[in-house]
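**Q** In case you want the letters, here they are:
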Amino acid sequence: MNLRGAIAIWRRDMLVLRRSIFSELVAVVAYPLTIYLAFGIGMQGYIGPVDGVSYGLFIAPGLITMTAVNAAYNESVWSLWFHRKVQFTIESYRVTPISVSEIVIAKILSGFSHGLVKGLAVALVIFAITPFRFPLTSLVAYLAFLIPGSALFSCAGVISGTLMDKPETIGRVEAVLIMPLIFMSGLFFPLSSYPPAVASLVRLLPTTALFEGARQTLVNGSFSIPFSASLYLFAAAAFAAALLIFRSKLAE
Amino acid sequence: MHRDIFPAYHARSCHYNLLFPMKADTAIIARAVTKRYGSLTALDSFDLEVERGTIFALLGPNGAGKTTLIRILTTLMRPTSGEAFVSGLNTARQGREIRRQIGVVPQENSLDRYLTARENLELHARLHTMEPKKYRRRIDELLELFGLAGRQHDFPDTFSGGMQRRLVVARALIHEPMVLFLDEPTTGLDPQSRRAVWDYIRSIAGRMTIFLTTHYLEEAEQLCERIAIMDHGRLITIGSSAELKAQLTGGATYEIEFADRAELFAEALRRMSCVGGLEIADRVVTVKLERWECLAEVVSALNGAELRRISLRERTLEEVFISLTGKGVRE
Ligand SMILES: Nc1ncnc2c1ncn2[C@@H]1O[C@H](COP(=O)(O)OP(=O)(O)OP(=O)(O)O)[C@@H](O)[C@H]1O
Ligand SMILES: [Mg+2]
Numbered sequence: 023m024n025l026r027g028a029i030a031i032w033r034r035d036m037l038v039l040r041r042s043i044f045s046e047l048v049a050v051v052a053y054p055l056t057i058y059l060a061f062g063i064g065m066q067g068y069i070g071p072v073d074g075v076s077y078g079l080f081i082a083p084g085l086i087t088m089t090a091v092n093a094a095y096n097e098s099v100w101s102l103w104f105h106r107k108v109q110f111t112i113e114s115y116r117v118t119p120i121s122v123s124e125i126v127i128a129k130i131l132s133g134f135s136h137g138l139v140k141g142l143a144v145a146l147v148i149f150a151i152t153p154f155r156f157p158l159t160s161l162v163a164y165l166a167f168l169i170p171g172s173a174l175f176s177c178a179g180v181i182s183g184t185l186m187d188k189p190e191t192i193g194r195v196e197a198v199l200i201m202p203l204i205f206m207s208g209l210f211f212p213l214s215s216y217p218p219a220v221a222s223l224v225r226l227l228p229t230t231a232l233f234e235g236a237r238q239t240l241v242n243g244s245f246s247i248p249f250s251a252s253l254y255l256f257a258a259a260a261f262a263a264a265l266l267i268f269r270s271k272l273a274e
Numbered sequence: 067m068h069r070d071i072f073p074a075y076h077a078r079s080c081h082y083n084l085l086f087p088m089k090a091d092t093a094i095i096a097r098a099v100t101k102r103y104g105s106l107t108a109l110d111s112f113d114l115e116v117e118r119g120t121i122f123a124l125l126g127p128n129g130a131g132k133t134t135l136i137r138i139l140t141t142l143m144r145p146t147s148g149e150a151f152v153s154g155l156n157t158a159r160q161g162r163e164i165r166r167q168i169g170v171v172p173q174e175n176s177l178d179r180y181l182t183a184r185e186n187l188e189l190h191a192r193l194h195t196m197e198p199k200k201y202r203r204r205i206d207e208l209l210e211l212f213g214l215a216g217r218q219h220d221f222p223d224t225f226s227g228g229m230q231r232r233l234v235v236a237r238a239l240i241h242e243p244m245v246l247f248l249d250e251p252t253t254g255l256d257p258q259s260r261r262a263v264w265d266y267i268r269s270i271a272g273r274m275t276i277f278l279t280t281h282y283l284e285e286a287e288q289l290c291e292r293i294a295i296m297d298h299g300r301l302i303t304i305g306s307s308a309e310l311k312a313q314l315t316g317g318a319t320y321e322i323e324f325a326d327r328a329e330l331f332a333e334a335l336r337r338m339s340c341v342g343g344l345e346i347a348d349r350v351v352t353v354k355l356e357r358w359e360c361l362a363e364v365v366s367a368l369n370g371a372e373l374r375r376i377s378l379r380e381r382t383l384e385e386v387f388i389s390l391t392g393k394g395v396r397e
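Residue numbers (the numbering used here), protein chains in the order written: chain R, 23 to 274; chain B, 67 to 397.
Mixed in with the good hints, there may be bad ones.
What the hints assert, rightly or not - Label-pair restraints from in silico Cβ distances:
(1) R/E190 - B/R144: 46 to 52 Å
(2) R/V48 - B/R144: 43 to 49 Å
(3) B/T303 - R/I29: 45 to 51 Å
(4) R/V108 - B/E197: 28 to 34 Å
(5) R/L161 - B/G216: 47 to 53 Å
(6) R/A197 - B/G129: 17 to 23 Å
(7) R/M36 - B/R144: 30 to 36 Å
(8) R/T191 - B/E309: 47 to 53 Å
(9) R/I151 - B/Q258: 57 to 63 Å
(10) B/A215 - R/I151: 47 to 53 Å
(11) B/G216 - R/V108: 26 to 32 Å
(12) R/E274 - B/D113: 23 to 29 Å
Stated by the list, open to error - Below, a list of computed lysine to any residue pairs in the SDA-like style, where the Cα atoms sit at most 20 Å apart:
(13) B/K199 - B/A215
(14) B/K311 - B/K354
(15) B/K200 - R/I29
(16) R/K107 - R/S215
(17) R/K271 - B/R102
(18) R/K107 - B/R179
(19) R/K107 - B/L142
(20) R/K107 - B/A334
(21) R/K107 - B/K200
(22) B/K354 - B/E323
(23) R/K271 - B/T319
(24) R/K271 - B/R162
(25) R/K107 - B/A215
(26) R/K107 - B/Q230
(27) R/K271 - R/V122
(28) B/K199 - B/N175
(29) R/K107 - R/L47
(30) R/K271 - B/T146
(31) B/K311 - B/E323
(32) B/K199 - R/R33
(33) R/K271 - R/R106
(34) B/K354 - B/L378
(35) R/K107 - B/E174
(36) B/K311 - B/G227
Worth flagging that the hints you see were computed from the coordinates, not collected in a lab. All values reported here derive from a predicted model rather than from experimental measurement. Positions of the beta carbon are idealized from the N, C-alpha and C atoms, including for glycine.
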């Protein structure tokens, strides 16, 4: 497939991101940073070490990951909705020779890029204000989680933004599905806190593969192949689903 | 860029000629195109042919199905049944080839408000796989032509409605399409902007086939060689403006202006059998004649009157439109 059209649309999205990068980053860094200050520093003394590390260190990888995937999801879902229902720009793309798949690939790529840029921004801030230092190999291995994680959430955002026509529905899905998925998969507590039966179910979630895998890589320096493999599989499935759903919605 | 697809296009059009005998100079064909939205039939077995290089207007009241037809022809939507061809290419199978050749001005402006006017054009040039060297010059030309050069680095939501509309038209022309679809191109424009768009449409006519919908009958009359009127998803009539007017049945309407004693003569005229209707406003009497042969009788009845003027009232396209589509307002 020729991706020139997809690249043109992705470039458009990056141009728009560049224009507002400063205010976007301030907004996006504020939330995880507040959580870090409240829990990682404020509550640290009450909580004590978790899984053998200080609580601040325990939650730091999750905060970076959460920022990235939230940003990827949000960008995709709102961009899809806005360009489809408000601005009708998707329709204007559809009377040019590019294919519908190129449009959806562009949007997935844009959400993914937002996730990566914003996740890395938060990572830099957290590395700057904390004493934690990670070996380079761990950081590179962490990217092996961050990349499919952002891709997965970008695809999920594209699916939601394609299926949902009303902004209030988008907000609800985020509240009842996305946030609980993120919080349940051990962002703030170890999976060992769950009763064993529940824990083995929670382990199957893509978000667990992402958050647990990312933490193990950064904090323990161990790379979980099952988590990583499952995450790539989920991301690939979400990509296929996004493509199919977008195409069938536009064929209506 | 258009050139390299021509061989393929010719091969295909020959192929289709075997299946569906069609004139080589037909740009747009709809054959029994039907579109249903649930139980509502927006297009009902619609047939149409538009000759290459002409300016064609599709008229119809709100909800008649004009936009639905344009969406099918521009490959945005598939018909429930029937077939449509643009430049000999089948909308069901050759969407991408069709989209290379068409420019579309949708009913709703679909500008990107986060991009400047120029960036809007650049994005579409890239989507049409134009090279920067070529599209930069083309964009300069179009911005100049549509009077937007001075505002090219501004965002379209700071533009007036007319400027936004002109930008959408410019966007549709960036790749020099063969067929241009305009869905109500001048709705909301002031007379100056409207005329600027008309002038441009006229200047490119001949090279390009132009298919437009409009609610301004004057626009159709001024611009278009052929006019179709549709309603309830069906084609009602098609022809030149003069042909459509000639279809209006009934006789002719004359206006007679008197210097004085208008009422007196009006009474005499009213009693004549061939006068179908009569209205009087101040010193002007409007008479509707059943047949034009009655004119001689009327003139002799006016013997002795001091006349200022007798004139034939021109049929307007609006009369044709109303007589064919009724007076009721559509919900
Ligand atoms: N997506 C849709 N779902 C359901 N019905 C639709 C849809 N789009 C159009 N219609 C209906 O189809 C009919 C034709 O609509 P269309 O937009 O083609 O009319 P139009 O001639 O362009 O009208 P206007 O002059 O108001 O633009 C209308 O009755 C409209 O309500
Ligand atoms: Mg319409």
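**Q** Checking each numbered hint in turn, tell me which of them this model violates, lowest number first.
**A** Hints 1, 6, 16, 20, 21, 23, 25, 28, 29, 31 and 36 not satisfied by this model.
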